[in-house]
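Student: Chains as they are written, first to last, in the working numbering: chain A, 1 to 130; chain B, 1001 to 1077.
Treat the hints as calculated values from the structure; they're not laboratory data. Some hints could be false.
What the hints assert, rightly or not - Calculated cross-link-like contacts (lysine-lysine; reagent style BS3-like; alpha-carbon spacing at most 27 Å):
{"id": "1", "chain 1": "A", "residue 1": "LYS82", "chain 2": "B", "residue 2": "LYS1015"}
{"id": "2", "chain 1": "B", "residue 1": "LYS1077", "chain 2": "B", "residue 2": "LYS1015"}
{"id": "3", "chain 1": "A", "residue 1": "LYS105", "chain 2": "A", "residue 2": "LYS64"}
{"id": "4", "chain 1": "B", "residue 1": "LYS1060", "chain 2": "B", "residue 2": "LYS1035"}
{"id": "5", "chain 1": "A", "residue 1": "LYS64", "chain 2": "B", "residue 2": "LYS1015"}
{"id": "6", "chain 1": "B", "residue 1": "LYS1077", "chain 2": "A", "residue 2": "LYS105"}
{"id": "7", "chain 1": "B", "residue 1": "LYS1037", "chain 2": "A", "residue 2": "LYS82"}
Claimed, not checked - Residues on chain B that point at chain A, a partial pick, calculated with CB under 8 Å:
{"id": "8", "residue": "LEU1075"}
{"id": "9", "residue": "VAL1076"}
{"id": "10", "residue": "LYS1077"}
As the list claims (entries may be wrong) - Residues of chain B clear of chain A, computed beta-carbon distances all greater than 12 Å:
{"id": "11", "residue": "LEU1002"}
{"id": "12", "residue": "GLU1026"}
{"id": "13", "residue": "ILE1042"}
{"id": "14", "residue": "VAL1054"}
{"id": "15", "residue": "LYS1060"}
{"id": "16", "residue": "GLU1069"}
{"id": "17", "residue": "LYS1073"}
Virtual Cβ for every residue (Gly too), placed ideally from N, Cα, C.
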Amino acid sequence: MNKTKSCSCACSGSVTLLVPCSGAADTGEIADRAARKFAQGGCAGMFCLAGVGANLSGFIASAKGADRLLVIDGCHLDCAQKMLAEKGITENIIHVRVTDLGIVKGKSPATAERIDAVVAELGKRLTASL
Amino acid sequence: MLIQILGTGCPKCQKLEENARQAAQELNLDFQIEKVKDLQQIMAFGVMITPALVVDGVVKVAGKVPGVEDIKKLLVK
Chain A
1 MNKTKSCSCA
11 CSGSVTLLVP
21 CSGAADTGEI
31 ADRAARKFAQ
41 GGCAGMFCLA
51 GVGANLSGFI
61 ASAKGADRLL
71 VIDGCHLDCA
81 QKMLAEKGIT
91 ENIIHVRVTD
101 LGIVKGKSPA
111 TAERIDAVVA
121 ELGKRLTASL
Chain B
1001 MLIQILGTGC
1011 PKCQKLEENA
1021 RQAAQELNLD
1031 FQIEKVKDLQ
1041 QIMAFGVMIT
1051 PALVVDGVVK
1061 VAGKVPGVED
1071 IKKLLVK
């Protein structure tokens, strides 16, 4: 099964979904690429935030059914977290903001070093929540 | 009413089907239950966690197995 786009069975243990904002800015790109890299480790699966925005019942039910959502916003606008909240999804959220890691929006191309910094933060936050 | 149970056949999927059937019967609904085990079909619903309960094309719950009384509420909504 592809680890970046998959369906998980709740029988196989806890389910963590990665929800990057995937915004247009460099920090949005970093959020997206860090999430995809983190997903390759197998601890969490990529989630389609656009499906929630489109009001598709399968995505909304999946977000509500996950044990935890690792939400990654690129900047202080927190679009991903707010989009989830708009659909009543406010529980079991671990929120990581790229700009809180010293990465400046509009001045930070998505380099491997920056992506790795976010991946490390995701690992730290997820581990702390277990 | 079409009730679909999405999942690959794990114990939770079986329990969800059992609960959904009991809920629909207790409500005296005219229903049919269909099991969807194919992963591509499951993902076509936008479901990323199984088991999932779909009622007339709308995904009501995913990744959880609600009890009979909770499913009754989902069926009449």
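Student: Now tell me, hint by hint, if it's right for this structure.
Tutor: We went through each hint and held it up to the structure:
1. A:LYS82 / B:LYS1015: Answer violated: LYS82 (chain A) to LYS1015 (chain B) is near 34 Å, above 27 Å.
2. B:LYS1077 / B:LYS1015: 21 Å, holds
3. A:LYS105 / A:LYS64: 30 Å, violated
4. B:LYS1060 / B:LYS1035: 15 Å, holds
5. A:LYS64 / B:LYS1015: With a Cα-Cα distance of about 19 Å, the restraint between LYS64 (chain A) and LYS1015 (chain B) holds, given a limit of 27 Å.
6. B:LYS1077 / A:LYS105: Judged against 27 Å, a Cα distance of about 44 Å means the pair is violated.
7. B:LYS1037 / A:LYS82: 33 Å, violated
8. LEU1075: With Cβ-Cβ at 15 Å, over 8 Å, it is violated.
9. VAL1076: 17 Å, violated
10. LYS1077: 12 Å, violated
11. LEU1002: 14 Å, holds
12. GLU1026: 23 Å, holds
13. ILE1042: Not fine: 6 Å to the nearest Cβ puts ILE1042 (chain B) too close to chain A.
14. VAL1054: 8 Å, violated
15. LYS1060: Non-interface label on LYS1060 (chain B) violated, nearest chain A Cβ at 7 Å vs cutoff 12 Å.
16. GLU1069: It holds; GLU1069 (chain B) is separated from chain A by about 19 Å at its closest Cβ, greater than 12 Å.
17. LYS1073: Given a closest Cβ separation of 15 Å, the condition holds.
Against the hints set out earlier in the document, violations occur for numbers 1, 3, 6, 7, 8, 9, 10, 13, 14, 15.
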